[in-house]
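Number of protein chains: 2
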Amino acid sequence: MSVHKVPVGVSARHIHLTSEHIAVLFGNNYTLTSLKPLSQPGQFAAEETVTVIGPKGSFEKVRILGPARAASQLEISRTDAFALGVRPPVRESGHIEGTPGITVRGPAGQVELERGVIVAARHIHFHTKEAAEWGIEDKQLLRVKVEGERAVVFERVIARVSDQFALDMHIDTDEANAAGVSTGDTAVILTD
Amino acid sequence: MSVHKVPVGVSARHIHLTSEHIAVLFGNNYTLTSLKPLSQPGQFAAEETVTVIGPKGSFEKVRILGPARAASQLEISRTDAFALGVRPPVRESGHIEGTPGITVRGPAGQVELERGVIVAARHIHFHTKEAAEWGIEDKQLLRVKVEGERAVVFERVIARVSDQFALDMHIDTDEANAAGVSTGDTAVILTD
Chain A
1 MSVHKVPVGV SARHIHLTSE HIAVLFGNNY TLTSLKPLSQ PGQFAAEETV TVIGPKGSFE
61 KVRILGPARA ASQLEISRTD AFALGVRPPV RESGHIEGTP GITVRGPAGQ VELERGVIVA
121 ARHIHFHTKE AAEWGIEDKQ LLRVKVEGER AVVFERVIAR VSDQFALDMH IDTDEANAAG
181 VSTGDTAVIL TD
Chain B
193 MSVHKVPVGV SARHIHLTSE HIAVLFGNNY TLTSLKPLSQ PGQFAAEETV TVIGPKGSFE
253 KVRILGPARA ASQLEISRTD AFALGVRPPV RESGHIEGTP GITVRGPAGQ VELERGVIVA
313 ARHIHFHTKE AAEWGIEDKQ LLRVKVEGER AVVFERVIAR VSDQFALDMH IDTDEANAAG
373 VSTGDTAVIL TD
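So the sequence lines, in the order shown, correspond to chains A and B.
Numbering of the first sequence is given in my numbering, commencing with residue 1 and proceeding in unit increments.
Numbering of the second sequence is given in my numbering, commencing with residue 193 and proceeding in unit increments.
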């Protein structure tokens, strides 16, 4: 049996915005500037940041990830959620029905998101070819181990398969800190 | 084979202080007041709190746990460590050789700890009788599972056995948030 290794990418708190919200926050016809490309093709961390304001606390310099999306979405850790005073569910990206909102402030204006705050469900991006070779299907739940002094097996890690994806396991800062791992470390998919 | 269940106790950031440091922070002959008893016999959360100040950030209202100890020790999560700007190792309580220091401020004065900042290594307190019945030895490393939508197996959980202890698994807020568990939830010790 072969061992399937996956690079780990730690997602700090970040926000995806619609074109409409970018216009309110930064001005009409404003275009995000790429600071650096992300692991998934076409995605980038923008130079621009916003302030997010919850009922209990706020965070400045929250990174925008581009390009613009069909719905705005703030992804935070559960630790962040306590600090902001919101109670977001653990969700897959894009599944924002029934999630709490938040206030977002930019240099040109402010937006009240009615929904879109989530704790991102941990997941692994697979390219279609790799997934086929490894016998992994889209939406499959995986068990994934990271070694070290805080070694952890993450259960229920969602497989996401697309020919637009590059191999990467995405966890949030709580998960990374609990397991003592950083971006660039390696995880192993366990086969029962 | 029997299933061994353990209650989970989540430790938020907290500090243990020597009598000398309590005197500097709160005044000569000051005695801590118990706010509520903790799971371990004789231990209590004090009404008193302090401010801890690192090179990058600070936290107010950090709870003191009593009674006074032989060495002062600040226990924080890795998330907290990034916010404060310190790099503490993962350590068992009391093992503070070579750990970073921090500034602690109270209503009557300020103390510069030369060392004592740790990220507490996750552990389970067992009473001697229970440990004997379950075949668990002091210092043994255990694998412990928590169920739920963020189900996790924590590896390398340290067993601590004493006739002064009550059964409780102690994890920090990063670990609790990563696993989606709260104080009072139940974990299960895995037997291979």
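It is worth saying that the hints were derived from the structure and are not from the lab.
Be aware that one or more of the hints could be misleading.
Claimed, not checked - EDC-like cross-link-like pairs, simulated, lysine to aspartate or glutamate; straight-line CA separation at most 16 Å:
no., chain 1, residue 1, chain 2, residue 2
1, B, LYS337, B, ASP377
2, A, LYS139, A, GLU114
3, B, LYS331, A, GLU149
4, A, LYS5, A, GLU133
5, A, LYS129, A, ASP163
6, A, LYS5, A, GLU97
7, A, LYS36, A, GLU48
8, B, LYS248, A, GLU47
9, A, LYS56, B, GLU252
10, A, LYS139, B, GLU341
11, A, LYS36, A, GLU47
12, B, LYS321, B, ASP377
As the list claims (entries may be wrong) - Now the stretches of chain A that chain B is said to cover, found in silico as 3 or more residues with beta-carbon under 8 Å:
no., region
13, 47-60
14, 71-82
15, 151-158
Beta carbons are placed, not taken as given, at the ideal position from N, Cα and C, and that holds for glycine.
Results of checking the hints against the structure:
Taking the CA atoms of LYS337(B) and ASP377(B), the gap is about 11 Å. The hint holds against a cut of 16 Å. A threshold of 16 Å between alpha carbons decides the hint, and for LYS139(A) with GLU114(A) the separation of about 28 Å lies outside it, so the pair is violated. The hinted pair formed by LYS331(B) and GLU149(A) meets the criterion: a straight-line CA distance of about 14 Å does not exceed 16 Å. For the suggested pair LYS5(A) and GLU133(A), the alpha carbons sit about 13 Å apart, so the restraint of at most 16 Å is met.
Taking the CA atoms of LYS129(A) and ASP163(A), the gap is about 8 Å. The hint holds against a cut of 16 Å. This hinted pair does not check out: LYS5(A) and GLU97(A) have alpha carbons roughly 33 Å apart, beyond 16 Å. For a cut-off of 16 Å, the pair hint linking LYS36(A) to GLU48(A) stands: about 12 Å separates their Cα positions. Of the pairs offered as hints, the one joining LYS248(B) and GLU47(A) is violated, with about 22 Å between alpha carbons and a cut-off of 16 Å exceeded.
With a C-alpha separation of about 15 Å, the suggested pair LYS56(A) and GLU252(B) falls inside the 16 Å cut-off, and the hint holds. Distance check on the hinted pair: LYS139(A) and GLU341(B) sit about 14 Å apart at the alpha-carbon level, within 16 Å; holds. Restraint check for LYS36(A) and GLU47(A): satisfied, since their Cα atoms lie roughly 8 Å apart, inside the 16 Å limit. A hinted pair counts as satisfied when its Cα atoms are at most 16 Å apart, and LYS321(B) with ASP377(B) does not qualify at roughly 23 Å.
A count of 0 residues in the region 47-60 of chain A with a Cβ less than 8 Å from any Cβ of chain B is obtained; the coverage claim is therefore unmet, three being the minimum. With a cut-off of 8 Å between beta carbons, the region 71-82 of chain A has 3 residues touching chain B; three or more are needed, and the interface restraint holds. Coverage of the region 151-158 of chain A by chain B holds in this model, with 6 residues showing a Cβ closer than 8 Å to a Cβ of that chain against a need of three.
Hint compliance for this structure: hints 2, 6, 8, 12 and 13 are broken, all remaining hints hold.
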